[in-house]
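Asks: Residue-level listing of the chains:
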Amino acid sequence: MTFRTVLTTCSALAVLGISAGFIHAQNYEAAPGISTMEQRLQDDVLRFNATVNTEVDDDVLELGRLVAMGGSEAGDSGMACITCHGGDGAGDGSGAFPRLAGQAGWYTYKQLKDYASGDRQNRVMSGIAKKLTEEEMEAVAAYYATISAPYTPPLGDVDGMTLQWGGQLGAVGSAERGVPACVNCHGPSGLGNPPSVPYLAGQYASYMAHQLQMWKEGKRDNDVNNVMSAIAKKMTSKDIEAVSAYYNRVRPTQPLPPETSPLLEPSTAPTQ
Amino acid sequence: MARTLPKTDVLIIGGGWTGLTAAYELAHAGQRCVVLERGKKRHTATSFSAPEEHDELKYAHRYSHMMDVKKETLTIRNNRDQQALPMRRLGSFLPGSGLGGAGIHWNGQLWRPLPSDLQMRSHYEERYGKDFIGPDVSVQDWGVTYEELEPHLDFFERICGTAGVAGNLGGEARPGGNVFEGPRSADYPNPPMQQPISNTLFGEAAARMGLNPFPMPSANVTKAYVNPYGAQLHPCTYCGFCERFGCGYYAKADPIICVYDRIKDHENFEIRFDAQVLRIEKSEDGKTATGAVYLDENGEEVFQPADTICMNAYALWNVHLMLVSGLGKPYDPKTRTGVVGRNYAYQTVAGVDAFFDDSVKTDPYMGAGALGVVIDDYNGDNFDHSDLGFVGGGYIACKQYHGRPIGYQPVPEGTPKWGAEWKQAVRENYNHHADLVVHGSSVSTPENYLDLDPTWTDAYGRPLLRMTFDFPENDRKMSDYVMQRAMEVAREMDNVTSVSGTNLAAVDKHYDIVPYQTTHNVGGAVIGTDPETSVVNRYGQMWDHHNVFVFGACLFPQNLGYNPTGPLMGLAYWTLEHMKRDYLPNPGPLMDA
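Residue numbers (the working numbering), protein chains in the order written: chain A, 1 to 272; chain B, 1 to 593.
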């Protein structure tokens, strides 16, 4: 039942994606080189994001890159990560597969462990995860934590009221339904709270909505703090749609260069 | 002249744990209830979400959830020879304001009194002789027994989804729980919290010494849980922002999610915010109260008449409201007569710091308000007091409730207070510290009391409450004795390199209102069976005005060696049961004076 739901959702979205023309072929070129990643690891914030149980060095990143590109050493898994998640971790644009770029390393590692043990259910991912060694799981998780990827424009139209409701649920929750705000754990603007709490900002709406639905129905229950099922059970389908659509559109903020700040350009300000 | 509103059945003054609970129970019993809350409306989901809520400076150090002392405060002195001065900043204790009251920023440590605690005078006299309690100690029995309160203590534990291990289930000892507690009718509704390394090492050391460690009973919930009112609570994330903060995770039981959300839409329930009660009015014969005058949100004086009045403010402000309204007879320390303001007591707190070598990393930022391992071997009369020269005791807990950057900078004894050496010590010790507390009882005495200040007034022109308090000799001895026992356990802990203790009630120290100690002010309007020594009878009903019922820690005749929320909520449900069953069908005194 679970598997059929997953596959139906995926194929429906794949069709949507193709018709919208957003799916792009995966290639190795999108993946950054080891030297680029090492450079990025000099940043303390990124280094913390990449935390797994072992020290992340260039050997670990190299192994992670190999796993992402070619799958496990043991083989037989059928496919490498890039097939669906992209070499840059942006997914394939269809929204059926989650974005992994910049995701908290330990979180991704734990998901692989849970897929392998059955604590998180997914026919495709379980088969893949079971083939990975402990080192490969850590390495590929650290690899995706370290890289960045462009954002695909969100699929489909969402009305303003839905987005506003999603933003409200994210920022302050719902007193009426007893839903705590997402930002409690997922950080300001849903940017994540490494090592254990994933980011939501920029995640595909269809993926996120599907996960919330699974939590609501008790089909997924593997979060460290064991809070997601209780929260999702209080959310309606509309809540789930709204919050997923909202976070799909949130981007990590980049400070505006001073010259583009409207405050510093009185000439362009309204004269009344 | 105040504008008079239509009469209501029950007027409830204060929208915290006891006030909202009174409204829930009485509204369901068919009574039209009006709650007056001096503070603002706020909600757990919308007002207490991280990351904004995790602003340590704003909430922990600038007290954004607490009462505004520019409007109301008290004056303080150590003895009757001194001139009392106003408390112009919060410090020693932190009363709340706004929906939920101090129940929003509590830690969630949820205790029961020991059976002998509730019969303190008769218990000690029976065990140690009539003269064991000296003339300068005015402790007395509560007039209500543990057996009578037990169903109510149990019910409140279920309201909060309390996490713990029963040590005495229906008289049968249970391993891992508190072996000293009174018999429970049911186990805790949720399993205990997961303990961090420092608490675990404390428990192991205590067990090696033949003591009886157990996990602290906690209203930081450990599983998704639905309480008897239908409120849904979520599991704790051990974020370390409990005390002084609201919990946007729905994991710390608070009066908004546990009670208010479940009553707010009831036809018999109404709550008014920004409603500052000024005084309670009495009937011409003085035998009953007729209602309360308050300032509404526009600053207009309004009189709300009611058949029954429930006083549900913070302990000190209930006493203040009685004194400014002329309810009950004020206590006079010179003649030792009168009752309102009598038997005020505080709490006697000592701390022990233990530091580990580098092999033990404590991760203090992983914490929760009631995350602790406790021994109760030196609490109440759980140990032989024959040769000790004091009564009472306290629990010893190793707890890990926060590792916040401003407030948590533990350094070993002898470290300079500032400068490079201090910074170095903070860096070296932050992750290697065990935080032990002795949470001690406090006896009441004839010289520690509350009355109205002759000099100072509040923003509404009323005399301020005046507190006359210093630590009683009994409590100084007790606190030192139990702190020494805590230091023995600390030294027994594995990998400990240094141990130091701080007793805030040491022999050479006077009570000081500046450093934070505890918000557990008690007494001043105490419960009992004799109108000469109590303000309310054993049902919480005022002896002098039968339609006034009093709630909260102001009822405690002396302080327990425990946090007060569990005991005072047990009393609240006890009072509400008797109001519903006995008083409302036939209003009048529930006991003969």
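These are computed hints drawn from the structure, not numbers from a lab. Bear in mind the structure is a predicted one, so any value in this text is a computation, not a measurement. A virtual CB, placed ideally from N, CA and C, is assigned to each residue, including glycine. Check before you lean on any hint, since a few could be wrong.
EDC-like mimics (lysine to aspartate or glutamate), calculated; alpha carbons at most 20 Å apart, straight line [unchecked claim]: (1) B:Lys223 to A:Asp157; (2) B:Lys223 to A:Asp221; (3) A:Lys234 to B:Asp470; (4) B:Lys41 to A:Glu176; (5) B:Lys223 to A:Glu217.
Simulated DEER-style distance windows between Cβ atoms [unchecked claim]: (6) B:Pro515 to A:Arg177: 35 to 43 Å; (7) A:Glu134 to B:Val226: 52 to 60 Å; (8) B:Leu57 to A:Gln39: 44 to 52 Å; (9) A:Pro252 to B:Glu428: 34 to 42 Å; (10) B:Arg336 to A:Arg177: 32 to 40 Å; (11) B:Glu428 to A:Gln42: 46 to 54 Å; (12) B:Asp384 to A:Arg47: 28 to 36 Å; (13) B:Thr145 to A:Arg177: 51 to 59 Å; (14) A:Thr83 to B:Lys40: 26 to 34 Å.
Asks: All hints are to be evaluated individually against the structure, with a verdict given for each.
Replies: Structure-based check of each hint:
1. A distance of roughly 38 Å separates the Cα atoms of Lys223 (chain B) and Asp157 (chain A); the hinted pair therefore is violated under the 20 Å criterion.
2. Our distance criterion of 20 Å between C-alpha atoms is met by Lys223 (chain B) and Asp221 (chain A), whose separation comes to about 13 Å.
3. With a CA separation close to 50 Å, the supplied pair Lys234 (chain A) and Asp470 (chain B) exceeds the 20 Å bound.
4. With a C-alpha separation of about 14 Å, the suggested pairing of Lys41 (chain B) with Glu176 (chain A) holds against the 20 Å cut-off.
5. Distance restraint check for Lys223 (chain B) and Glu217 (chain A): the Cα-Cα separation of roughly 17 Å lies within the 20 Å cut-off, and the hinted pair is therefore satisfied.
6. Between Pro515 (chain B) and Arg177 (chain A) the beta carbon distance is about 42 Å. The supplied range of 35 to 43 Å therefore holds.
7. A C-beta distance of roughly 39 Å is found between Glu134 (chain A) and Val226 (chain B), which places it outside the suggested range of 52 to 60 Å.
8. Between Leu57 (chain B) and Gln39 (chain A) the Cβ separation comes to about 35 Å, which falls outside the hinted range of 44 to 52 Å.
9. Taking 34 to 42 Å as the suggested C-beta distance range, the pair Pro252 (chain A) and Glu428 (chain B) conforms, at roughly 35 Å.
10. Our hint of 32 to 40 Å for Arg336 (chain B) and Arg177 (chain A) is violated, since their Cβ atoms are close to 56 Å apart.
11. Checked against the hint of 46 to 54 Å, the pair Glu428 (chain B) and Gln42 (chain A) fails, with Cβ atoms roughly 26 Å apart.
12. Here the CB-CB span from Asp384 (chain B) to Arg47 (chain A) is close to 57 Å, at odds with the stated 28 to 36 Å.
13. At roughly 42 Å, the beta-carbon separation of Thr145 (chain B) and Arg177 (chain A) lies outside the given 51 to 59 Å, and the hint is violated.
14. Checked against the given bound of 26 to 34 Å, the beta carbons of Thr83 (chain A) and Lys40 (chain B), roughly 55 Å apart, lie outside it.
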